[in-house]
Amino acid sequence: MRPATTLDLEPKPDPVMEAAQREAALLRLSHLFRRAGTDTLMQALRRAMVDYRTKK
Amino acid sequence: MIAQIGKLPSLPAVVLEVLESFEDDHADTGAIGKKIAQDQALSAKVLRVANSSFYGLRGKVATVKDAMVVLGFGNVRTLVIGAGVTGSFSALASGSFDLRAFWIHGIVAATCARCFAADAGIDPERAFTAGLLHDIGRVVLATCFPDHYRRVAEYRAAHDCYPIEAERQVLGLDHAAVGGALTERWTFAPVIQQAVAAHHCSADPATPGCRPGLAGLVHVADVAAHALDLAGDDNELVPQFDAVTWTRMGITWPKFLEHLAEAERRAQGAELLLSA
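Those sequence lines, one after another, are chains A and B.
When the first sequence is numbered by my numbering, its final residue is 117 and no position is left out of the sequence of numbers.
When the second sequence is numbered by my numbering, its final residue is 342 and no position is left out of the sequence of numbers.
Just so you know, these hints were derived from the structure itself, not from any lab.
Possibly wrong hints are sitting among the right ones.
DEER-style ranges, computed between Cβ atoms [said to hold, decoys possible]:
#1 R114/B - V77/A: 16 to 26 angstroms
#2 D90/B - D75/A: 26 to 36 angstroms
#3 R95/A - R114/B: 34 to 44 angstroms
#4 R95/A - E220/B: 13 to 23 angstroms
These stretches of chain B come out as covered by chain A in the derived footprint (C-beta under 8 angstroms, 3 or more residues) [said to hold, decoys possible]:
#5 133-141
#6 323-330
Ideal Cβ placement from N, Cα and C applies to all residues, glycine included.
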């Protein structure tokens, strides 16, 4: 059996956890922008923040 | 209510002198350090933070000048403003006003303002100061008119509206106007007074566009800070974003997000400065 390497010790991506975190981020952003309505700039800002939070 | 602003204590002279020094390109650390050292409370705060475990130099920083080297210009300025403002409102310590959330939002807005300033051709240090102080009117309302402020909070909770809408409905004025009056009383530069007074102009239908310059910059920084959502406020709400101001700022979305990332990085750990 080969010795453990650094790569073995790195946490592996958890798709379920990542999906849950993304969902939580989207829910929170909906709450933050709950008064945005159909305002074009507010919706553009909301989309930018979704991009920012989900791609970090 | 605005007339009662005149009865508020003045900001300690050393705070204004230190802030002016930071904006002076020719000022040196030694001169600023001497000014701070003249104020016992400020000196103690600066030394306490520099000797905190965060900087790993516990007990080794003995002078204000050395503390400024450890903390850096920007952090010392934040400390000076925070200590000066907090010290002027003694009721803050006993009230229910969430001072921590207030300062976190201020720091985030200040770092956003500094990041955006270069793109807008505005002095970044002045932008930082204006960003840090933009909501100072809320401190005045919460500590000097607590009963009124409680009614504003109740109205806001009942209608889930923007805080500024609740203020105008209940009080007939808002924290931006109060903040502008206070910064005038404290003899801040007129451009900072205007920035504090006008940072929510987009919410006023009578003034559809912010004036360009520092006021518009602070407006954008305030919106960005609310969108970053770092103050831990369950009722956080991103304020209305003025389209004319956004266009005048000339910032693209990718650049905006780059600045947000930098502001978020810089704001982390800044809470230490204001809790020491």
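A quick look at each hint next to the structure:
For the pair R114/B and V77/A, the supplied restraint of 16 to 26 angstroms is violated, since their beta-carbon distance comes to about 45 angstroms. The hinted window of 26 to 36 angstroms between D90/B and D75/A is violated, with their beta carbons roughly 53 angstroms apart. Restraint check, R95/A to R114/B: a C-beta distance of roughly 40 angstroms satisfies the suggested window 34 to 44 angstroms. Remark: the range hint 13 to 23 angstroms for R95/A to E220/B is upheld by a beta-carbon distance near 19 angstroms.
Interface restraint, the segment 133-141 of chain B with chain A: violated (0 residues with C-beta to C-beta distance below 8 angstroms; minimum three). Coverage of the segment 323-330 of chain B by chain A holds in this model, with 3 residues showing a Cβ closer than 8 angstroms to a Cβ of that chain against a need of three.
Of the numbered hints stated above, those contradicted by the structure are hints 1, 2 and 5, listed in ascending order.
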